Amino acid sequence: MKIRSFILFFPVLSVVVLSVLVKEHAAKAASPQAAAAPAAASIAPPASSAAATLTIPDTTLAINSAQPMSQRVVHYEIDAKYDAAKHTVDATETLTYRNLTGVVLDHFPFHLYQNAFQPNSTWVREAKVAGSRDIAYDKWESKEYGSEEIKSVEVVGQGDLTSQLRYIQPDDGNKDDKTVVDLPVRQPIPPGAYVQFKIAFHDQMPETQARSGWKRDFMLGGQWFPKVGVWWHGAWNCHQYHATTEFFADFGVYDVKLTVPQFEVVGASGVKVGEVNNSDNTKTLTYHGDDIHDFAWTVSPRYKVKEDGVYQGLMGPVQMRILMQPAHWSQVDRHEKILRESLEQFESRYGPYPYKTITLVDPEPDSAAGGMEYPTFITGDSSWFMPEGLHMPEIVVEHEFGHQYWYGMVATNEFEDAWMDEGINSYSEVKVLDAILGKRTSGINMLGATLGEREIQRLMYASVADLDPIAEKAYDYYSFNSYGGITYGKTASVLLTLEGIMGEETMDRAMRAYFMKYRFTHPTKEDFLKTIEEVSGKDLRWYFNQAVYGSQVMDYKLLKVESFPVNWYEEKKGMFQKDDKDTVYRSYVWAQRKGDFVMPVDVEIKFENGEKVREHWDGASRWTKFVYEKKSKVESAELDPDHKIQIDRNDFNNSFKVEPDGKPAFKLTNYWLFATQWLAQAMAWWAV
Amino acid sequence: MAEHQGLISSGWGRVVHNKRYIVWFYILNLALAWFGAAAFSNQAHDYLDHSLQAERLANGFDVGVLIEMFMRPEFGPVHPATASGLHFALAFFFLTALFLPGVLQGYASTYRLPRADFFRACGRNLWRFIRLLIIAGIVMGAVAVALFSAQGALVKAAEESTNEVLPFELRMLCLLVIFLVMTALRIWFDLAQADVVLSDQNAVRKSIGLGLRHAWRNLGRLLGSYVVATIVALIILSLGLWSWLRLVPPASVLGAFVVTQLTLLLLLIPRFWQRGVAVSYYLQNMVAPISVHPVAPAPVVEPVTPVVISNPPAQPQPS
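Here the protein sequences line up with chains A and B, keeping their order. Residues 5 to 692 (the working numbering) make up the first sequence, in order. Residues 2 to 320 (the working numbering) make up the second sequence, in order.
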């Protein structure tokens, strides 16, 4: 009896234990959706027979790889028609979603970003108060109105669910904000299963705002289709569109058909796989993208195109397609050169660029479409008058290309960790442009004036240094200026200073390791910081806690320098008797930590006889003093003589020269004098 | 053309014969600007003299360092220094208006005008010039506002065009038109000034009317002369800036000072040349002719032969 019971009981127990183990394994594998080996098959059977045939293609048409490079969660098939006169887009979207979350999903939030451009939306409210990239919204104009309306949505196998759509506002509860819509499904989607949405939508594109929209006869379609949120750390991560946020989406495959008037010149993400002329004076272009998480496009009848440039990448050839404004055509070689050099630099520093194309768009002048990144598609920014010594096109193109790595492939959450794409990219920007255009001349090099990228980033940070920490969520910054100064400028300066602490070679290895480990995934800030610590072998928490998580400000100051003879009390024979060469001087150098950021720093003291002494101060106390007795007075003293620290808010007080040198002040005064005299003469010329 | 060249060369001659006026005005310009720049100079010295960071401004010109300097609260606010510069620029403007009558008098005289006469002309015409300035300010201001408004509207409309360069081209064209119109107005009031001073005219409105009539009738000649002087000013400014940027080493403060001051001295000449042209035109065309009345001829008187009366011969006496 006991044996029969055991024989019956054991298989049942085994099945129960195995079921529990399988569920636990699936949950761990999918939370967050990690960089597992690609080409995994469905884990569990689909919910219905209709969904049983769903899949996400493992195409590699748009990448120089035989295998998919990401864990593909989505497949967007969009068929869109653009009306150039009304600036509208009517489209159908088939979204196939693969549930790799490890949990059952009973609702799906979607971004409807174009609804941000309405008077009472969160985006406009925040932009009006705290500023934005382009518009101040002093008054509302109808051409600024944008909308993205889902006309109908069907879930395959579950029927029409249009009536179930609900706008939600997970961030601020603003009922007028319609940038996130939630769709509950009738039959929850189990882990590993696929679900397919068939959506019909209509866009009214606004005049360009936030790098999307129309201007004159130009159009840039960015964030133009309903985009499903990301399941991240056990929950849906689908934020409202804020004035200071960007985007977050899963990797997948895109197949997009664009029907536009025949006179339009078109650019888009991915590779073009088809073009058909239609009988109604339109044409339909088909694009395909692999392992990307967004799709953008542009049209203008006036683009001049250069597409014969090919870059031989580490994984294969990359076609460079450049769409220029007619008035900027003379700058096309400049644009191609910086694009090519950026490709070279990024591949050598971080890793391969896997896509077969990169499209660079020179957008319409005065549009707010310049300086933006989408996968395999970037916009520059230039003007018809752009001297060679003013490197604005180079800076913008390099920066936007850099986003192909930081955001495009390392797809961080731009809502919550904006610094991880903008800031890391700004750090890369300094390094890359230093190499291409020179350390002190990468920004400006004309008419005797110079300006380097690292100075630009440092000044951006210094202007808002004491407002927000780097780790702040993008929509929680004090103002747009603080968002910009901290995510771009402070991050770049923090990483440059970190490079000074670790050494350039170690930092380069750490950055490369981070890219190679986390490309095609959604890493967190700790993923990045831990990678740095692992590669450097150092405990850098003291630095990260202040520089990344905190808002401490660094400001070290050379307080005072004084030297006098040790026998100062002896009576001199005459009033003008000089000290002899055997006079011994006692010299004092005081340094102060004015700010609340504590960091070790070197101090170099230079004596009049040419001798140099280097000290090290841990910065723990508020001030410190160095004392010397030598046969020479102190000539000058300097904190951080190697200029490794980029986050000191004030570089002018880091040094002290005992003997004043009036030359810089005289030089500036001469400029001021000239300006004053010329102004006076000009007034007298016209008015007397 | 000969008359046109006559105005230009005649005006130039007056400038050359009275070079001292340009030197005085340059010294005045420099002195006032020096005071105006003092506040900025003090700020700059306080902040930069002891800092190694400032070397990046002295050797070359690092724009980032300059921007950081202005951003630092320790440097202090810039607007007091700016206001100081503006005030002294205004002072130069008023002093120019004060001393201009003396200049015009000197240009018109055929001998070296004594200093007393110079200042007498300044004092005598002070109130007249104030009135002239006010009226000129109202007229030129109103016209400038109207023209710049029109320019703004045209450029704004052009910005809707798909031709990116069109707004710039339109702006330049409008600025050229504005320059010509404002120069024409300047000629009008320069002639009025000449009349006020040289005719000793207290009724300023009569000089304004006379100046307008002459400016209108001879606009081509006068405008051509004034434009030539302006072109010369542009050449001087361009050459001066080019020399400063290309020939003076970045670390050379003295070299930069010499080049800029030489440029500013030479820049005064074209405006004085225009005033010389105005005086020449006034003397050629605006001075009232002297009317000559016919005089009746004097009666002709025959010359009288002088009669010499000698002693008569003695007559015999009766017995």
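The set of hints was computed from the structure by calculation and includes no laboratory data. Treat each hint with caution, since some may be false.
Stated by the list, open to error - Residues of chain B placed beyond 10 angstroms of chain A at every Cβ, according to the derived structure:
1) H46
2) L53
3) F89
4) F119
5) G124
6) T163
7) M173
8) S244
9) T261
10) R272
11) P298
Claimed, not checked - Chain B is faced by these chain A residues, among others (derived, beta-carbon under 8 angstroms):
12) G317
13) G456
14) S467
15) V617
16) H620
17) G623
18) A624
19) N658
20) Q685
In this text, all values refer to a predicted model and were calculated from it rather than measured experimentally. By construction, the Cβ of each residue, glycine as well, lies at the ideal position given by its N, Cα and C atoms.
Hints and how they fare:
1. H46: 4 angstroms, violated
2. L53: Since the minimum Cβ distance to chain A is about 4 angstroms, L53/B lies within 10 angstroms and the statement is violated.
3. F89: Non-interface label on F89/B violated, nearest chain A Cβ at 7 angstroms vs cutoff 10 angstroms.
4. F119: 17 angstroms, holds
5. G124: 17 angstroms, holds
6. T163: Violated, because the least Cβ-Cβ distance between T163/B and chain A comes to about 5 angstroms, which does not exceed 10 angstroms.
7. M173: Holds, since 12 angstroms exceeds 10 angstroms.
8. S244: S244/B is indeed farther than 10 angstroms from all Cβ atoms of chain A, at 13 angstroms.
9. T261: 5 angstroms, violated
10. R272: Label violated. Min Cβ-Cβ 5 angstroms, cutoff 10 angstroms.
11. P298: Answer for P298/B: holds, closest chain A Cβ roughly 53 angstroms.
12. G317: 33 angstroms, violated
13. G456: It holds, given that the least Cβ distance between G456/A and chain B is near 7 angstroms, below 8 angstroms.
14. S467: Since the shortest Cβ distance to chain B is 6 angstroms, the answer is holds.
15. V617: 16 angstroms, violated
16. H620: Interface hint status for H620/A: violated (19 angstroms vs cutoff 8 angstroms).
17. G623: Violated. Min distance 20 angstroms.
18. A624: Violated - the Cβ of A624/A stays beyond 8 angstroms from chain B, reaching only about 25 angstroms at its closest.
19. N658: 7 angstroms, holds
20. Q685: Nearest chain B Cβ about 6 angstroms off; hint holds.
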